[in-house]
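> Here are the chains, one letter per residue:
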Amino acid sequence: MNKILIIIKREYLQAVKKKTFLVMTILGPLLMAGLIITPTLLANYGKDNQTIAVLDESGLFSKLNSPNDKSIHFTYVDKDLLVLKKELIDKKYDALLYIPYNSTILGGMIYSTSSLGTGVISSVLAAMKRDLSNEILLNEFNISQDSLNMYIENQTNKIMLGQTFIDKNGEESKKASYLKEIQLVIGYISGILIYLFIFMYCSMVLRNVLEEKTNRIVEIIVSSVKPIQLMIGKIVGVALIGLTQLMIWIISLIIILGIVRSSFPEMFERNNTSIAVSEQMPADYYKYIPSDAQNGINADESIVDNEFVTSLMEINFVYLIVFFLFFFVTGYFFYASLYAAIGGAVDNDTDTQQFMLPLTLPLLLTFIVSQYIAENPDGALAFWFSIIPFTSPIAMMIRMPFGMEAVQSWEIILSCSLMVLGCVASAWIAAKIYRTGILMYGKKITYKELWKWIRYKN
Amino acid sequence: MNIVEAHDVTKLYGDFRALNKVSIAVKENNILGLLGPNGAGKTTLIRIINHITFPDEGEVFFKGEKLTQEHVAQIGYLPEERGLYRKMKVGEQAIYLAQLKGMLRQDAITKLKYWFEKFEIASWWNRKVEELSKGMQQKLQFIVTILHQPKFFIFDEPFSGFDPINVNMLKNEILELKKNGASIIFSTHNMASVEELCDDIVLINKSEKILEGGLREVKNQFKQHMFEVVFTTSHEVELSSLLPEDFHIESITDADSVFTALIKVEHTSANDLLAALLPHVSIQGFQEIFPSMNEIFISQVNKMNPMNN
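In order, the protein sequences belong to chains A and B. The first sequence runs 1 to 458 under the numbering used here. The second sequence runs 1 to 309 under the numbering used here.
Hints should not be assumed to be uniformly reliable.
One side of the interface only, derived from the structure: several residues of chain B facing chain A at Cβ under 8 Å [what the hints assert, rightly or not]:
no., residue
1, L84
2, Y85
3, M88
Beyond 12 Å from chain A on every Cβ pair, some chain B residues (computed) [to be verified]:
no., residue
4, D56
5, L78
6, P164
7, F227
8, L239
Result set (BS3-like, lysine-lysine): computed pairs, CA atoms no more than 27 Å apart in a straight line [to be verified]:
no., chain 1, residue 1, chain 2, residue 2
9, B, K151, A, K3
10, A, K17, B, K113
11, B, K66, A, K432
12, B, K87, A, K19
13, B, K134, A, K17
By construction, these hints were calculated from the structure, which means they are not laboratory data. All values reported here derive from a predicted model rather than from experimental measurement. Backbone N, C-alpha and C define an ideal beta-carbon position, used for all residues, glycine too.
Use the sequences and the hints to build the structure in full.
As structure tokens, this is what we get:
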């Protein structure tokens, strides 16, 4: 045990003292940021053209023009509200603007299945105000320009706009909008983290094992310690290097966020425009909105609340962090053992290629299908990918944020047990290959040869 | 008492029999030469004794106990395939390897300083290994092997990469270790050094032990009854006509009228040869010629492998 510690210490200190460690520590977050930001940008780009169906029963806005904001298009519909809601759930439109007939109150309600981009509400409101003032200006009033302006301002300020979210079962609420996005982002980030960690540090394990072999120092070492101790020492040592790097990233992220927060406090405040809209909404407005959504809505509660925070609160982070750590660690050990075995078996870098492919492919494949897993986290594809130890660390992390409805407890237990079994199996196989391989030089290694080594008794 | 005994050790790699019922014994305070052509199974046997690989059949005993991982700390092993971490500093690396042997850091440093001075590599303590010459790396490896002061050593080709001066220094160190009571397995292809250092030899060929015994005993066993006679003579003599048939002259050379003859003696003794020679020549030197280990090695290995004849 003590000897494993000595090996771990050397492995750790040698790497941490290297320049490459410093470079990776700095480049890592940039790489990560790129990986995360690029899809987000692409996703936002896709959201550019939002179609909002308008059902105007008041007739006031029958000629409501699309907002100046080019990314939003109004399309007029004349169907029953219930039909439209159904169509909204079927994603025929991005949102539905319903303006009911009412003599005293002017305004409408925006229905959507998920959060609309920031500023959509204010754009719609601005469009309504613009059209209303145009409407007023079409009539002739025998009053001064100032009085007219005041009247217009008065009237337009009466326009109320509420927001309601509809989930796929037709349930309506005024919150929970960002949940799906947050679930997706958390899933992808943890998936990417696990993928990157496995990829980067398992390659490091392979390189370090290979280095010992090509240096011919390995026999000197295994004359003092057992090969399995050396292997474990290397794998744990590299894991600590990776965790150190991760810790540095997390701590610097917290520090940077702290600095940004104190330098630009306005970035973290609520969206003032949205709040202003909602605060003007009188309590009785909802009487005129024929919807179940009225239940439990208090007027003094802002409709466009800090949805992001509310959604975040719905995620069980303790549960996610526990499983993230579990899959992070087991996924690494599962692959690291196999990479160590390859490093021990081959003689030089070029020979590693043929054995690397079967190890990189499952991870890549998981990433390719991750979109389908996220779309259908309780589907068959998601299930099979999350019980195979080769793919489960990433597949499970993509599914887990969707909560218990998507991943049932027995699935979690099955996945975790198979992962642990997978680690034991890979460590056992790796130890067999490693022990024979590290002392074998100048032999062309084939899968058949590896199979023979696995079957050696001692 | 025997420090290490291997009893009928057999090692299989799949269908390949790397060792077949090989037994050896290393006597206390003796140097055992482990000889054999490449691929004979020497390294496999050494690894088994080092508890790196394990026999399929047979057992190994260390000081009378069955060999376990605990005994490994009492062995100083210098493998044939040996290297060092190239990017690591010399001193740091030596400390690391010593710690793996179970030494405490401070103890390791003190002893390393002593050996670094002795082997004249003290100034390299803080340099990277890749800056060292091959000879210096070999010195470092040797130091690390003996640093934890075991009483049993295995040296596999210890002289490779050394210049003659360093070979000599190393030989003296090995003899010094023996003088201090150590027992050693010495594996090499350099037969001259076997004759200088070894007390016993074991010859392995094609996974089997084909010869073993004390160095003198083995040489005795293979002696050709050959005698070297150095003589001068006042008048021309035809030696072959003077000697009876039992003596066969292999060669005769003349250097400034000092003749050296190699004479094979069959059926009789050296005394008879002398008696036959004395009336005719004045003898300056007379000695029996034993076969060299080199000759024994080649003849024994070739005997098993007719292709080489």
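> Quick one: which hint numbers does this structure break? Sort them smallest to largest.
4, 5
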